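Chemist: Now that you have both chains on their own, put them together as the hints suggest.
Taken in order, these protein sequences are the chains called S and R.
According to the numbering used here, the stretch in the first sequence is residues 3 to 406, in order.
According to the numbering used here, the stretch in the second sequence is residues -2 to 386, in order.
Do not take every clue at face value.
Unchecked claim - Distance condition first, Cα-Cα at most 20 Å in a straight line; then the derived PhoX-like pairs of lysine-lysine:
#	chain 1	residue 1	chain 2	residue 2
1	S	161	S	151
2	S	151	R	257
3	S	132	R	116
4	S	309	S	382
5	S	151	S	132
6	S	279	R	116
7	S	134	S	212
8	R	118	R	191
9	S	179	S	161
10	R	368	R	314
11	S	151	R	258
Claimed, not checked - Residues from chain S shown here face chain R by an in silico Cβ test under 7 Å; the list is partial:
#	residue
12	64
13	67
14	68
15	80
16	83
17	259
18	260
19	261
20	263
21	283
22	284
Hints are computed from structural coordinates only; laboratory data are not their basis.
Quick caveat, the model's predicted, so the values are computed rather than measured.
Using N, Cα and C, we set each Cβ at its ideal position, and we do this for glycine too.
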Amino acid sequence: MPVSRRGFLRLIGADEESAYSGAFLSARGLEAHLAEAQAQGQAPRPVVPPGVGEIRLSSNENPLGPGKVAMDAILGKFPEAGRYPFNSSPADSALIATIAEQFKVKPENIVLGAGSQEILKSAMRAWVSKTKSLVTALPTFENPTGFAKRYELPVVEVKVDSEMRLDVEGMIAAASKGDCGLLFFNNPNNPTATVHGAKTVTAMVERVRKASPDTVILIDEAYHEYVTDPSYESAIPLALSTPNVFVARTFSKAYGMAGMRIGYAIGMADTVKPLAKLKMPYNVSVFGVAAAIASLKDTQHIADERKRNTEVREFTVKALQDMGAKSAVSQGNFIFTNIGRPAKDFRDACAKQGVSVGRDFPPFEKTHCRISIGTMDEMKKAVEVFRAALKSPSTATAGEKGGR
Amino acid sequence: MLTRRSFVQTVGIGAAAYIGARGRENSLWSVLEPTLEAIEPGIICLSSNENPGGPGKAVLNSIQTAFGPTGARPGRYDNSAGTLTEAIAKQLGVKTENVVLGCGSTQILRTATHVFTAKDKALVGTIPTYEECAGYAEMMGHPVRPVALDKNFKIDLDTFAAAAKAAGLVFYCNPNNPTATYVGARATRDFLAKLAKDSPDTYVLVDEAYYDYVTDPDHDTHIPIALENKHVIVARTFSKAYGMAGLRMGYAVGHAETIKKMRDWDAGSGTSSLNVLAMQAGIAAISQDASFITAERARNREVRDFTMKWFNDRGMKPTDSQANFMFVNIGRPVKEFRDACRAKGVLVARDFPPFEKSHCRISFGTMDEMKKAIAVFEPLLAKKATAAA
Chain S
3 MPVSRRGFLR LIGADEESAY SGAFLSARGL EAHLAEAQAQ GQAPRPVVPP
53 GVGEIRLSSN ENPLGPGKVA MDAILGKFPE AGRYPFNSSP ADSALIATIA
103 EQFKVKPENI VLGAGSQEIL KSAMRAWVSK TKSLVTALPT FENPTGFAKR
153 YELPVVEVKV DSEMRLDVEG MIAAASKGDC GLLFFNNPNN PTATVHGAKT
203 VTAMVERVRK ASPDTVILID EAYHEYVTDP SYESAIPLAL STPNVFVART
253 FSKAYGMAGM RIGYAIGMAD TVKPLAKLKM PYNVSVFGVA AAIASLKDTQ
303 HIADERKRNT EVREFTVKAL QDMGAKSAVS QGNFIFTNIG RPAKDFRDAC
353 AKQGVSVGRD FPPFEKTHCR ISIGTMDEMK KAVEVFRAAL KSPSTATAGE
403 KGGR
Chain R
-2 MLTRRSFVQT VGIGAAAYIG ARGRENSLWS VLEPTLEAIE PGIICLSSNE
48 NPGGPGKAVL NSIQTAFGPT GARPGRYDNS AGTLTEAIAK QLGVKTENVV
98 LGCGSTQILR TATHVFTAKD KALVGTIPTY EECAGYAEMM GHPVRPVALD
148 KNFKIDLDTF AAAAKAAGLV FYCNPNNPTA TYVGARATRD FLAKLAKDSP
198 DTYVLVDEAY YDYVTDPDHD THIPIALENK HVIVARTFSK AYGMAGLRMG
248 YAVGHAETIK KMRDWDAGSG TSSLNVLAMQ AGIAAISQDA SFITAERARN
298 REVRDFTMKW FNDRGMKPTD SQANFMFVNI GRPVKEFRDA CRAKGVLVAR
348 DFPPFEKSHC RISFGTMDEM KKAIAVFEPL LAKKATAAA
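Chain R on its own, in the form it takes in the complex (with noise of 0.2 Å):
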């Protein structure tokens, strides 16, 4: 199976003594993972990137009206998806055959992967990026070629171009989790257009997950692209910014053609994945006023700065954040501070190698939770560690 240990063998950065939990997380075959619990209440979870305000209440009440005599039901099969494709394409300027639906963005990176990779058509990604691509070309027996970060641990756009080459699909994930970096709107739309010149067969999934978080002045989606060129895919979700990962939506937009051959793998049904209460909400959630994504990046840039500052001032360097999550050098093992932070009520993010013995992801919660996580990370990183980096 798809576990973070076999994605970590493919790549060959060697073995990670123990996978930590939560990523590929609700894996049949974890059993490495012992600790799939539910969240406790009162535990403050910092290990998922979520929007730990959730969807907030017009998309809460939009659910509440799906059992209501006008909505859809949870009892009845729902006939939604094409009404939410509409509202998709209507608010991003696009039409509904730029757009194709998935049960979370986890969906579409299933189907991008399946698709534009082949034995001789390799996936290229960075190390560490999200893993789930690379999980899926590894199943399936395809090659997976990983390419590592710059210093600042930052997508390295030369190397990634040189490995890009022939390739089926590269995913590009910007900003880049768990990194947190994020790499211009200028300097990507060169290696977009550089790509399609050195590489023209080869797909390019941007991965735009975090987009919302961001704050980079030169910041720009790629929508604009993919709908131009038929090897661009962008793929965005509803599970960061917009507080829904416990619905299950996510989209992909590009060229109508591009768009045809994923739902075509879906065999023609992929809406069948999609649940009645993520549609309603999906509606709800894209057509509200702008005015709830502005105010939860500004939440978050809040919290980010508070957090990120108390770290660099205790001597611990965060990558340069454009998410809502952090990666930190803590100056020793992932594992024994997560398990730390575990026992007194925070959760952190699992490894990701190769960075699992010194940097740390940790996403930000609220700032009240922030407060208390901080309260339980200062004795435990004021300790000298005990297999320091």
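Extracted from the complex, chain S is given alone in its bound form (with noise of 0.2 Å):
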């Protein structure tokens, strides 16, 4: 029973009716919420009003989902759900095959996670310690960090620089003082959608590598196929060349399954090792497990996602700079936009017309919204909203900036 993409595309309109949202919560963000609301055994509340639309901009997802070949593989699979992993066609191993043929390494130099969140989750319990620190960026995701703080383990959060880039001279500092056990680099950072260069990460990761080689370099590309930046590179071959270094992918962002749960570590045997040693055995459904084998396959789908999102990524920033607000540059499927007033007032404001937005990034939060780029459908009605909602004076910072 193939889904066409026509059918697709009308099964997952933004016109759909959700009583409950994920706004106010991006997408990661949005788990820890949920476990929250699991554990006090509550259903998440309602954002935006019943019987609104959500046009949801808050979980940097693919608004299209998965491609077609990948909704061919999952419903393909229904015969096989009653097999475990191991014992469907193709079985997890192939997964971890397609992905190693792809970068012509071997099985051994891929980890596969429930989402790389298993992966980031592994990092910090097999390299942060009372006595080892995390080092990572302000902001930036904020799982590592979340997970240092919840066990009271060390952690030093060297802010972005004045562009919203990470901050490379400070990171390599505070990752050479001999005690830091994993270095997150986010590259793209998300929330502020920035990127570096290949020569910044590679002369990064040399200096960190000699001031500290015990440190472990963790460069998480989830959004790396949405970069268009061409002086970025992907991290993976220097990972695969050099010891401590690896990089984190997943299939929740450009390959549109961020419900599936897959991603993955690359880098060499004996640094992703441990991160093997701690992951869950059949983590990954016989559903995940098809769907990202056939999206792999089916390059032309991320090329053509990639160009899409740049187009309504242009459109919606040079939209939000008629109005004044500026966006840090973005190699994302989300931008940081300086809206001059709290994110918490204007993601209430937007929610109330049907549209999530990203939640509170300090230091940034009196300034500043991460907004998801959705479909140039969405993104039109969307930028109506943010219009209306940046027009009304700014309760805490009036004055600074006009409606403009």
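Modeler: Listed below in structure tokens is the structure:
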């Protein structure tokens, strides 16, 4: 039962009604919230008013979901729902083999995760302790930071530079003190969407390796497929030739499979081995395996998705710019925009109109909002909601920035 | 890595020459396991204790609604973990604070081992049993204390209770995988009560993975005890009778404080391991009419009785199976039998030391599959064993 692209687009159309939404909470932030909700036995709270179709720009997802070949692969696996992933056809080992083939590496260079979040969590368990710190950015994807704080493990958060890029010099310095167990380098960086070029990343790795060879460097390339900056290159070749460096990738973003929970780590076998030890067995579903393999073979789909995202991103950045809201240079499927007012006020105003935007990202929660890039149609509607929200005077920073 | 080989070494059973495929099946480091290819169409898979019929139409339909306009979608992060937790709690008559979800019960087993064992707090389990917990304990360098089964391949409760004293965690798999035997509900209750008295700080993980297949009249869940006793946890899975092994969903039930400890170990985002289709399917599966499970138990029982009789009639004695698989004395090394079956398109299970020279675990497929499988078994088992035990 193949799903046509058109039929699929209709199925996931932005006009669906959803009683509960993940607004206010990003993708991964959403999950933390859900665990909390689960712990308390509560359903997630409704944000967008009931009956209002949600445009979800809060989770950095691909608004179109998986491509047709991936959808077909999922639907084709119904007869194998009862089989373990190692018994299905293709099996989870075939997904590892497909990834390995793509990078011309061996299966032992790859560790699958239930989303890249499992990889990040395992990395924290493997390399951060009471005496070995996490060095990360502020703001950046909060999962490793949250883990460190929860377990009262040492963490150094290096604030991004004035252009909202990772402060490479600051992070090198913090990671070179000898007690850094893990350096988390999110490139492009969530939530600021900025990227560093290959030369900068290579030099960063060399310097940290020289100053602190035992420090493990985790380069999270969740948004890799969306980058258009020509100076950027994946750090995977670097990881495959440098001890204690590995890259995390995910199928949750451009591949459109956030709900399927698949990510992976790639690096030298000895480097990723601790992650393999910590991984949950059978952590990826039969459906996820089939969809991921099909997607990896459909390279045109990713090229098309990048192009689509780039167009919508440019439209959105310009529209916001015209309203006086300046964005950091975005290389992801989201933008970090100076709205000149607390993100909460803006978020609440947008939610009332059915548009969910990103959560707070301290220390910029008083000025900046993260907005995920939806479809062009969604963004055209969303931009009008933004315009109305930005017209009203800001409660906290009124006067600093006009409504235009 | 947690290969079966290293597990066996840990528990001191001696080196198995070759650790069969499929257990810690997708282990990256299992270079010893060359047969990890997917199962080709037409192969009869009797190696993994799955429900051969899958999850049934209602559940599959619910997965399909995951693609629909009001459902969750594969491209979106999903928020139905809370809904599934509520559905499970409602079905079991417990509170949501008593339930934690896992990516298969394997995540539950892993969490429990991490939380409740330590360098000075051993894991206690039978030999053989399902290997996950021992594998994790071994990886962390926590001691593992193996306990032999009785002569009927059942958990020997007295020996077990003695070994459990001052342990961190007792893994109590009932029915026991791979031996398929079941300790009655009353005896288990007595065991748990005795342990609570003799070793009050020891946790017990009662793995009820095969709960729905039991036909022993003295059968009951131990969830009520888990709700009362902070040191008892019950693990459940959707991978067996519910036919959802491919989706990855399991859960634990216990006292709120204990469940919180397990949730906390997963750093508050344990649900990030759960995929949207599994959550959708889990809600449908747990909420569906009880007749699904009743029918599956009856179907399995019929196939079980048929298959066990066939072996019994030929002088090959199976244990008293209370699950969707059997453990049978085939009087020869399992490896040679397994390889020969595989060549004929039938997969049977891996080695389970110390019984790998005599006993094979065979999962129950459909009646049709078992008839075909028996046609494959017959000539192989009629031959004289080359190295009979």
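Chemist: With reference to the structure, classify each hint as holding or not holding.
Modeler: Checked hints:
A hinted pair counts as satisfied when its Cα atoms are at most 20 Å apart, and residue 161(S) with residue 151(S) qualifies at roughly 17 Å. This hinted pair checks out: residue 151(S) and residue 257(R) have alpha carbons roughly 18 Å apart, not beyond 20 Å. Between residue 132(S) and residue 116(R) the alpha-carbon distance is near 18 Å, which keeps this suggested pair within the 20 Å criterion. Simply put, residue 309(S) and residue 382(S) have alpha-carbon atoms about 17 Å apart, close enough for the 20 Å limit, and the pair holds.
Taken as a hint, the residue 151(S) and residue 132(S) pair is honoured in the structure, with Cα atoms around 11 Å apart against an allowance of 20 Å. The hinted pair formed by residue 279(S) and residue 116(R) meets the criterion: a straight-line CA distance of about 18 Å does not exceed 20 Å. At roughly 17 Å between alpha-carbon atoms, residue 134(S) and residue 212(S) fall within 20 Å of each other, so this suggested pair holds. The suggested pairing of residue 118(R) with residue 191(R) holds, with an alpha-carbon distance near 19 Å, which does not exceed 20 Å.
Note on residue 179(S) and residue 161(S): the hinted pairing holds, with a Cα-Cα distance of about 17 Å set against a maximum of 20 Å. A hinted pair counts as satisfied when its Cα atoms are at most 20 Å apart, and residue 368(R) with residue 314(R) qualifies at roughly 18 Å. This hinted pair checks out: residue 151(S) and residue 258(R) have alpha carbons roughly 17 Å apart, not beyond 20 Å. At about 6 Å, the closest approach between the beta carbon of residue 64(S) and any beta carbon in chain R falls short of 7 Å, and the interface hint on this residue holds.
A distance limit of 7 Å between C-beta atoms decides the matter here; for residue 67(S) the minimum to chain R is near 3 Å, and the interface restraint holds. The closest approach between the C-beta of residue 68(S) and any C-beta of chain R is roughly 6 Å, which is under the 7 Å cut-off, so the hint is satisfied. The interface hint given for residue 80(S) is met, as the beta carbon of that residue sits about 5 Å from the closest beta carbon of chain R, less than 7 Å. With its C-beta approaching chain R no nearer than about 5 Å, residue 83(S) sits inside the 7 Å limit, and its interface hint holds.
The beta carbon of residue 259(S) is positioned within 7 Å of a beta carbon in chain R (closest approach about 6 Å), and the interface hint is therefore held. Because the beta carbon of residue 260(S) sits about 5 Å from the nearest beta carbon in chain R, less than 7 Å, this interface hint is met. Annotation: interface hint on residue 261(S) holds; nearest CB of chain R at approximately 3 Å, less than 7 Å. For residue 263(S), the suggested interface contact is upheld, since its CB lies about 4 Å from the closest CB of chain R, less than 7 Å.
Given hint, residue 283(S) at the interface with chain R, holds; its Cβ is 5 Å from that chain's nearest Cβ, closer than 7 Å. Taken as an interface hint, residue 284(S) checks out: its beta carbon lies about 6 Å from the nearest beta carbon of chain R, inside 7 Å.
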